[in-house]
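Which chain is which? The protein sequence lines are A and B, in order.
For the first sequence, the numbering used here assigns the number 1 to the initial residue and increments by one for each residue that follows.
For the second sequence, the numbering used here assigns the number 1001 to the initial residue and increments by one for each residue that follows.
Hints in this document: simulated from the structure, not taken from any laboratory.
A hint or two may mislead.
Unchecked claim - No farther apart than 25 Å at their CA atoms in a straight line, the calculated lysine-lysine pairs in the DSS-like style are these:
#1 K1042(B) / K1114(B)
#2 K1452(B) / K1114(B)
#3 K1163(B) / K123(A)
#4 K1514(B) / K1345(B)
#5 K172(A) / K1163(B)
#6 K1375(B) / K1358(B)
This one's a predicted model, so the numbers in the text were calculated from it and none came from an experiment.
Listed below, chain by chain, are the residues.
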Amino acid sequence: MVQLLGGELNSKGIDLRKALSRIKRSIWVYHINTGSCNGCDIEILDVLTPYFDVERFGIKLVASPRHADLALLTGPITIKTFSKVYRALNAMPRPRFVLAIGSCAVGGNIWFESYSTLGGFPKALEMFSEMGLEIDGVVYVPGCPARPEAIIYGAATLLGLQKPKTRYRRFKA
Amino acid sequence: MSSAIANSIQLLMEVSSIISKVIEFNEKVFGIEQRNGIVRIKIHRDVLPYVAQKLATTKGIYMRTMMASDERDLEGVYRLYYLFGIDREHINIVLEVAVPQEDPKVPTIVDIIKAADWYELEAHDMLGIEFIDRRLYRLVLPEDWPEKVYPLRKEYSVQDLMKLYRPKAVEYAKEIGAENIVVIPIGPYHPALHEPEFFEVYVSGERVIDAKYVGFMVHRGIEKLGENMKYDQVPFLAERICGICGFVHSTSYCQAVESALNTDVPERAQFIRSIILEIERIHSHLLWFGVALHLLGYDTGFMHSWRIREQVMVLAELLTGSRKTYGINVVGGVRRDIDNDKIRKAIEVLKNVEDEFKKLVEISINIPQVIARLKGTGVLPLGEAIALSLVGPTARGSGLDRDVRRDYPYAAYRYISFRVPTYSEGDNLARTLVRVDEVFESINMLYQLLDKVPSGEIRVESWTVEPYRLGVGSVEAPRGEVIHVLLTGRYSPYRWRVRAPTYQNLPAVSIMLKGVDLADVPLTIASIDPCFSCTDRAIVIDIGRSVIKTIPIEFLSLKGSKAIR
């Protein structure tokens, strides 16, 4: 589901709707592994290779966060990678979107109460907002690992081509 | 019954020569017992270096893993279990060293066995055990982790640890003072290896002088979590250690419990485990082959390899119900059966994969640029491979013939015949060819396995737990041997130690990298097929020194291909 953060006009005066219409053409993605088991990461690669082939939609993997519209974030965010994730996301141009892929990124999965992970992207998001890093939109793609079809569906949801399947509701553990 | 006795006599004879060497330290050896192919030798900590020296200098013995365990509530000591394996004899030797809690000091064995380096550092970080006469630094935990807090000690619960430490985002901006030598940091994020890792490569001009691994970012505290879970819950946790070779870990864990409790697994379950393990190996090797070609700048080969691989993923889904993270292992068997219809379909898919992969290999390996980049780069001599106790295709590419499927038979591998491909060149080409051969060998093994699946139960009805028994489970993963050591507790594992192949193989990378061109660095790193999520499951390293610039590793590599053209 798309969660647009910060309303239509956010604090820096960027019109999100306008910005979104701009990225509709072709999105460039940057892949961040935040301590994932590789399961979702190989499914992301699977999406890019001939069987699913998202490059036909203009979705392209880029090497630097500075070139990216969308970050493909996998993993429960370990304490060691947290500062790296912060800097990678900080380097992305606005509007910056995140596709949180896999159960780990969505809610921590089996690591959600481990001492060395944050337990999913929502918890990192809280810390980012404390630190003044704004994320313009998040799409959560559950699954362990997320199926390639689900990842494509998530990207389509972000672009507004598909309606999200569920409502957004946060549960507190 | 008689065969069991004959077996154990034979085992004892093979071990006796080793024990006779230990017996020289008579009063410092407290006892030797032997059960299920595990010889446990209790020794005093003072004689550890001498015994380790005896074992290390015997041909064919290598260090497999080391487990440090907090047994203060049982016997008031910490205990270290050094696990050595004898190639081809199917025997594990466990040296047990008790460390008193008031004075947790042990002599180091790093100078004797290079492979022990990380094990000791990890024990120091996680349990606070001091190793004498070596440099100890923080390997496992972040720099700003509170002093004197050791996560694997029993007095800390996961909730306590979460209260004690939460990360802060730190901006690292320290410069490294280097004059003639340039430091090129690679990672922690780059698109080629898809995992957070970090190599510092020291270069002079285009030539690599030295390389240092400072990764360990995928620390998720798995061993601590496992101590709070029931026996039947842990396989699901173990499977999530790695998303590529996850089934290997859950099988290995189940085998460790089964060996500790003497549970007999039904034959049909063993066949199903072997079948899934081989399917996992095929998809993993196809994945690696693709990534390796991608690193050479040959993207067509990458795409083809992944296209072929997709069929294997669909096959895995057919047999287990899931593309990855199958979740069908339980202690004492498997949860899901396969039928004749599925076997027939599986054979069809495998035939197709075999044909297509044969074509791909014929084309891609014969391209002059590919050969030029692979041949003679990243050389690892046999001597180094033995000294570092390497495992898997990395060792077999250097002529070290070591394969758990043959040396310590498990699951259904004792019922089929197969060949272990070995190449002696030790370069990137050798390691590639080992993996290519293994794909065909795996397909061949699958034909045999699918043909022979016996009928019967797929899991044991029930099993009872006896606390404080030691179990060892090892499996040949696509990347080398995975070994789980387990001490049973009443309701959940008392201590569970996971050792993944990359943990053993990574120190070899800095040897391979010395003297190669900068352009060959990415491929050489990838040539051990590193799997960092397995390795880092209980570890994090210091990264304070790093000036992090993300250099796209493939750009480095593409430069090399252009030079050849």
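Taking the hints in turn, this is what the structure says about them:
no.: 1; hint: K1042(B) / K1114(B); verdict: 22 Å, holds
no.: 2; hint: K1452(B) / K1114(B); verdict: 42 Å, violated
no.: 3; hint: K1163(B) / K123(A); verdict: 15 Å, holds
no.: 4; hint: K1514(B) / K1345(B); verdict: 47 Å, violated
no.: 5; hint: K172(A) / K1163(B); verdict: 17 Å, holds
no.: 6; hint: K1375(B) / K1358(B); verdict: 20 Å, holds
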